[in-house]
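A.B. asks: Could you put the whole structure together from the sequences, leaning on the hints where they help?
These protein sequence lines are chains A and B, in that order. So in our numbering, spot 16 of the first sequence is number 887, and the numbers just go up one at a time. So in our numbering, spot 5 of the second sequence is number 1474, and the numbers just go up one at a time.
By construction, these hints were calculated from the structure, which means they are not laboratory data. None of these values were measured; they are calculated from a predicted model. We treat Cβ as the ideally placed atom computed from N, Cα and C, and that holds for glycine. One thing to keep in mind: the hints can contain errors.
Claimed, not checked - Stretch-level coverage of chain A by chain B, calculated; a stretch enters the list once three of its residues show a Cβ under 8 Å from a Cβ in chain B:
hint, segment
1, 885-892
2, 974-981
Said to hold, decoys possible - Here are the simulated DSS-like cross-link-like pairs (lysine-lysine), alpha carbons at most 25 Å apart as the crow flies:
hint, chain 1, residue 1, chain 2, residue 2
3, A, K912, B, K1511
4, A, K885, B, K1511
5, B, K1537, A, K912
6, B, K1511, A, K891
7, B, K1537, A, K937
8, A, K926, B, K1470
9, A, K885, A, K937
10, A, K935, B, K1537
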Amino acid sequence: GAVVSQHPSWVICKSGTSVKIECRSLDFQATTMFWYRQFPKQSLMLMATSNEGSKATYEQGVEKDKFLINHASLTLSTLTVTSAHPEDSSFYICSATGQGDDEQYFGPGTRLTVT
Amino acid sequence: KQEVTQIPAALSVPEGENLVLNCSFTDSAIYNLQWFRQDPGKGLTSLLLIQSSQREQTSGRLNASLDKSSGRSTLYIAASQPGDSATYLCAGNTGNQFYFGTGTSLTVIP
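C.D. replies: So this is what it looks like as structure tokens:
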């Protein structure tokens, strides 16, 4: 089956620093990747959608300059949280779909804690 | 904007009971729908996918159905087990974006 990995699985950083999270499709070409954020006891909230080689489309209320998304290849998308603050602490999950595939394959998530 | 509601928000049942989880969309123009399971602190596990041409899917003790005319989906769990305890999320897409429900937290009591 299709596998999506995320790295790192957890990260602790100091306020003001930037953190990069990688999302990789291991055995298929991901034409579209999605980034979600989940706060404790809440559901997933879509942050942005990215297609390979083009700029990401951000959901309303998500700051594109703070959450930088790069989808440079068909197997890799990165989310960089710039100048992180404690309120950015959350569980970040990526997912991917292949061309013509209706199913969305999820990564295991990255837990970010900003101190 | 699409909003997805799941009812009930929480459910506690004794082992062996059959149960139904509900999911509804404000925009009934849903292309396809997925049900997921999430254990505490973990990522998502896909349970069932109902594609655009389908109305239901079955996997073991799980059955999911989708009524596109009303924008509603149900997940039926037969003969529930303590290992079924988790949060269940539905997600539908109306194009190239997926929207998640609020989740149902299920506890199955041994």
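A.B. asks: Compare the structure with the hints numbered earlier in the document and write down the numbers of the violated ones, lowest to highest.
C.D. replies: The structure conflicts with hints 1, 5, 7 and 10, although it agrees with all the remaining ones.
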